[in-house]
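The listed protein sequences correspond, in order, to chains A and B. The numbering of the first sequence is this note's numbering, which starts it at 275 and goes up by one. The numbering of the second sequence is this note's numbering, which starts it at 275 and goes up by one.
Keep in mind the hints are simulated off the structure, nothing from the lab. Source: prediction; values computed, not measured. Any given hint could be a false lead.
Unchecked claim - Here are the simulated BS3-like cross-link-like pairs (lysine-lysine), alpha carbons at most 30 Å apart as the crow flies:
(1) B:Lys535 to B:Lys317
(2) B:Lys469 to B:Lys535
(3) B:Lys317 to B:Lys409
(4) B:Lys541 to A:Lys541
(5) A:Lys348 to A:Lys298
(6) A:Lys515 to B:Lys515
(7) B:Lys367 to B:Lys535
(8) A:Lys284 to A:Lys535
(9) A:Lys280 to A:Lys298
(10) A:Lys524 to B:Lys409
(11) B:Lys409 to A:Lys293
(12) A:Lys293 to B:Lys515
(13) A:Lys541 to B:Lys540
(14) B:Lys540 to A:Lys515
(15) B:Lys524 to B:Lys317
(16) B:Lys535 to A:Lys524
(17) A:Lys535 to B:Lys374
(18) A:Lys409 to B:Lys524
(19) B:Lys515 to A:Lys524
(20) B:Lys535 to A:Lys409
(21) B:Lys418 to B:Lys428
(22) A:Lys535 to B:Lys541
(23) A:Lys535 to B:Lys535
(24) B:Lys469 to A:Lys409
(25) B:Lys293 to B:Lys540
(26) A:Lys389 to A:Lys344
(27) A:Lys540 to B:Lys540
(28) A:Lys515 to A:Lys298
(29) B:Lys409 to B:Lys469
(30) B:Lys298 to B:Lys409
(31) A:Lys515 to B:Lys418
(32) A:Lys317 to A:Lys284
(33) A:Lys535 to B:Lys524
(34) A:Lys540 to B:Lys541
(35) A:Lys524 to A:Lys293
(36) B:Lys344 to B:Lys374
(37) A:Lys540 to B:Lys428
(38) B:Lys524 to A:Lys515
(39) A:Lys541 to B:Lys535
2 protein chains.
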Amino acid sequence: MMKCRKCNQKAVINMRHHKLSLCKSHFLEWVGDQTERNIRKYKMFTRNDRILVAVSGGKDSLALWDVLNKLSYKTAGLYIHLGIPGEDHYSTKSQILTEKFASENQLLLHTVNAKQEFGKTIPEFSESNKRAKSKPCSVCGLVKRHTMNEIATKYGYDVLVTGHNLDDEVSVLFNNVLAWQVDFLRRQTPFIPAKVGLTPKAKPFCRFYERETAAYAFLSNIEYITDECPFSEGSTTLQNKELLNQLEHKRAGTKLAFYLKFLNAKKELFPEHEIDHFSDELFPCAVCGQPTTAPGKCTFCRMVIRDQELT
Amino acid sequence: MMKCRKCNQKAVINMRHHKLSLCKSHFLEWVGDQTERNIRKYKMFTRNDRILVAVSGGKDSLALWDVLNKLSYKTAGLYIHLGIPGEDHYSTKSQILTEKFASENQLLLHTVNAKQEFGKTIPEFSESNKRAKSKPCSVCGLVKRHTMNEIATKYGYDVLVTGHNLDDEVSVLFNNVLAWQVDFLRRQTPFIPAKVGLTPKAKPFCRFYERETAAYAFLSNIEYITDECPFSEGSTTLQNKELLNQLEHKRAGTKLAFYLKFLNAKKELFPEHEIDHFSDELFPCAVCGQPTTAPGKCTFCRMVIRDQELT
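Just chain A, with the same shape it has in the complex (with noise of 0.2 Å):
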């Protein structure tokens, strides 16, 4: 039977990487212990911070939000309706989860539907961009940004955090790494600081594995969407997270340490832009005012508006 370090009984979890096997109470701490560090360490944000946790009903967000609560952060939701579909009705089931979370714990949730805000769903979005060959999952990026920054400037939030977990930021490092998209690896980093009219961005949970959050959700009895979303099969980033999966099984360890020996590399290759992580000159939207790279419209405002002429 495998032990517990800690107390002795019985462990629920084994992590190699660590060498560190735990039951479950100790567990759901050190998941707690371990997020206040990584908040600590890379200066995300303090206790005086009003904190707006963007949620999409899956494992990483619910159970980032989850640890929050319980270290006395304050926290609000924001739940983006993006109108997938999928057997289950994707975005409408995992809104109810989600509601479901925030109204058991009393946390207050902003929600944003984006047929009814910007007059398409993302695959409605995706669909008419055709010509710009665009993705569903360019499209989503495009107006989760949008609307995160949006609705935490709107309501004065200090900082806007995500549930991106160690296997997501592994995957977006190799595919950079692939390609040496030196831009993109200077600007992958845990916790991206304020720029005027951008809410700092934080990344609470960029050191667990995914196999890690899910666990805290279960073993904290929080109910989530388990479904992937229908538009992530066959992605890069999939097919990149197998690879790195084989990896890991090989060498335990091998995606922490990849990632936690990325970001010290980063001290050496990117002095200068170590604490400015947006050096580039910023102006504000012409439509909605959020800072964008070039003057005139933003790119989100453009796929709008080109959207409202074509229909």
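For chain A, the structure is supplied; the task is to place chain B on it using the hints.
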């Protein structure tokens, strides 16, 4: 039937990453042309230089020697008998094949026998270095690097070339990236210029897939050793190659893009080191006189001397 792009005859090879199918004679010509292009692109050497080709008896180094010879470069070979056993007397068999190639092409071949020159074979060095947990591969690399530079210096060769192909380079790159070994990344390059006491090193085959060098050797009727070194079984290098092959299979050209984009990104990542690859001060070894990073004896001489003391 797959057709040669140049002459419409039956093709013998299809290179998906180049969208290029070629017949036997146009493929052999293409390999020569591309090699010439690489030599010029990375300013490796000219037809005035005396070139020492490190030959293992495998497909890559014999193919490289053949190509350089046919391109009218002034070459000689260097074979190092490392005393590696295996079913078919790996080292001895390799030496016979190398000598056969040299005599058939009337080319000068230097041979060095590790046992005779340094007192021990690679397995013996490795065995007696157990306390230092040396693996045969690291001892082997040390002996080869020492011997190659020794012979190149002794006989006044202008440049030392090795048969590393794209798969070799990409496997090393992948390893260095996984561990973010910034100094190793900085030094990985198709051409290392001269330093006091160090002969320049070039890898003219660095842009060829292993499959291409194998096809060249096969189609040129070069007899080469097909066994893998018995010590390479289960090595990280082979594991990495397997993973990278999966990536390549899904997206043809991934390996080539990974390598070429890396060489490009280096200009941005390491601007000041672009030309001066070894910025560290070097000292002549007190025993062999070859350059080493600290005053006193070099790692090779320390190993050889320690071994003499032990026996």
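Here is how each hint holds up against the structure:
1. Distance check on the hinted pair: Lys535 (chain B) and Lys317 (chain B) sit about 19 Å apart at the alpha-carbon level, within 30 Å; holds.
2. A distance of roughly 27 Å separates the Cα atoms of Lys469 (chain B) and Lys535 (chain B); the hinted pair therefore holds under the 30 Å criterion.
3. At most 30 Å may separate the alpha-carbon atoms for a hinted pair to count; Lys317 (chain B) and Lys409 (chain B) exceed this at roughly 35 Å.
4. About 17 Å separates the Cα atoms of Lys541 (chain B) and Lys541 (chain A), which keeps this hinted pair within 30 Å; it holds.
5. Annotation: proposed proximity of Lys348 (chain A) to Lys298 (chain A) holds, straight-line Cα distance about 26 Å (limit 30 Å).
6. With a C-alpha separation of about 17 Å, the suggested pairing of Lys515 (chain A) with Lys515 (chain B) holds against the 30 Å cut-off.
7. Of the supplied pair hints, the one linking Lys367 (chain B) and Lys535 (chain B) is violated, its CA atoms being roughly 38 Å apart against a limit of 30 Å.
8. With a C-alpha separation of about 33 Å, the suggested pair Lys284 (chain A) and Lys535 (chain A) falls outside the 30 Å cut-off, and the hint is violated.
9. At roughly 11 Å between alpha-carbon atoms, Lys280 (chain A) and Lys298 (chain A) fall within 30 Å of each other, so this suggested pair holds.
10. Restraint check: the Cα-Cα separation between Lys524 (chain A) and Lys409 (chain B) comes to about 19 Å, which is no more than 30 Å; the hinted pair holds.
11. With a C-alpha separation of about 25 Å, the suggested pair Lys409 (chain B) and Lys293 (chain A) falls inside the 30 Å cut-off, and the hint holds.
12. Note on Lys293 (chain A) and Lys515 (chain B): the hinted pairing holds, with a Cα-Cα distance of about 28 Å set against a maximum of 30 Å.
13. A threshold of 30 Å between alpha carbons decides the hint, and for Lys541 (chain A) with Lys540 (chain B) the separation of about 16 Å falls inside it, so the pair holds.
14. Taken as a hint, the Lys540 (chain B) and Lys515 (chain A) pair is honoured in the structure, with Cα atoms around 26 Å apart against an allowance of 30 Å.
15. The hinted pair formed by Lys524 (chain B) and Lys317 (chain B) fails the criterion: a straight-line CA distance of about 33 Å is larger than 30 Å.
16. Proximity of Lys535 (chain B) to Lys524 (chain A) is assessed by CA-CA distance (about 28 Å); at most 30 Å being required, the pair is judged to hold.
17. Distance check on the hinted pair: Lys535 (chain A) and Lys374 (chain B) sit about 47 Å apart at the alpha-carbon level, beyond 30 Å; violated.
18. At most 30 Å may separate the alpha-carbon atoms for a hinted pair to count; Lys409 (chain A) and Lys524 (chain B) meet this at roughly 19 Å.
19. As the CA atoms of Lys515 (chain B) and Lys524 (chain A) are separated by approximately 14 Å, the hinted pair is consistent with the 30 Å bound.
20. Under the criterion of a C-alpha separation no larger than 30 Å, the hint pairing Lys535 (chain B) with Lys409 (chain A) is consistent with the structure, at around 24 Å.
21. A hinted pair counts as satisfied when its Cα atoms are at most 30 Å apart, and Lys418 (chain B) with Lys428 (chain B) qualifies at roughly 15 Å.
22. For the suggested pair Lys535 (chain A) and Lys541 (chain B), the alpha carbons sit about 21 Å apart, so the restraint of at most 30 Å is met.
23. Proposed proximity of Lys535 (chain A) and Lys535 (chain B) is supported: the alpha carbons are some 21 Å apart, at most 30 Å.
24. Taken as a hint, the Lys469 (chain B) and Lys409 (chain A) pair is broken in the structure, with Cα atoms around 51 Å apart against an allowance of 30 Å.
25. A distance of roughly 27 Å separates the Cα atoms of Lys293 (chain B) and Lys540 (chain B); the hinted pair therefore holds under the 30 Å criterion.
26. For the suggested pair Lys389 (chain A) and Lys344 (chain A), the alpha carbons sit about 34 Å apart, so the restraint of at most 30 Å is broken.
27. The straight-line distance between the Cα atoms of Lys540 (chain A) and Lys540 (chain B) is roughly 14 Å, inside the 30 Å bound, and the hint therefore holds.
28. Of the supplied pair hints, the one linking Lys515 (chain A) and Lys298 (chain A) holds, its CA atoms being roughly 27 Å apart against a limit of 30 Å.
29. Between Lys409 (chain B) and Lys469 (chain B) the alpha-carbon distance is near 29 Å, which keeps this suggested pair within the 30 Å criterion.
30. Of the supplied pair hints, the one linking Lys298 (chain B) and Lys409 (chain B) is violated, its CA atoms being roughly 41 Å apart against a limit of 30 Å.
31. For the hint pairing Lys515 (chain A) with Lys418 (chain B), the CA-to-CA distance comes to about 37 Å; that exceeds 30 Å, so the pair is violated.
32. Taking the CA atoms of Lys317 (chain A) and Lys284 (chain A), the gap is near 35 Å; set against the 30 Å cutoff, the hint is violated.
33. Restraint check for Lys535 (chain A) and Lys524 (chain B): the C-alpha separation of about 28 Å stays at or below 30 Å, so the hint holds.
34. Restraint check: the Cα-Cα separation between Lys540 (chain A) and Lys541 (chain B) comes to about 16 Å, which is no more than 30 Å; the hinted pair holds.
35. This hinted pair checks out: Lys524 (chain A) and Lys293 (chain A) have alpha carbons roughly 15 Å apart, not beyond 30 Å.
36. A C-alpha spacing of about 17 Å is found between Lys344 (chain B) and Lys374 (chain B), which places the hinted pair at or below 30 Å, so the restraint holds.
37. Taken as a hint, the Lys540 (chain A) and Lys428 (chain B) pair is broken in the structure, with Cα atoms around 42 Å apart against an allowance of 30 Å.
38. Restraint check for Lys524 (chain B) and Lys515 (chain A): the C-alpha separation of about 14 Å stays at or below 30 Å, so the hint holds.
39. At most 30 Å may separate the alpha-carbon atoms for a hinted pair to count; Lys541 (chain A) and Lys535 (chain B) meet this at roughly 21 Å.
In this structure, the hints that do not hold are numbers 3, 7, 8, 15, 17, 24, 26, 30, 31, 32 and 37, in rising order.
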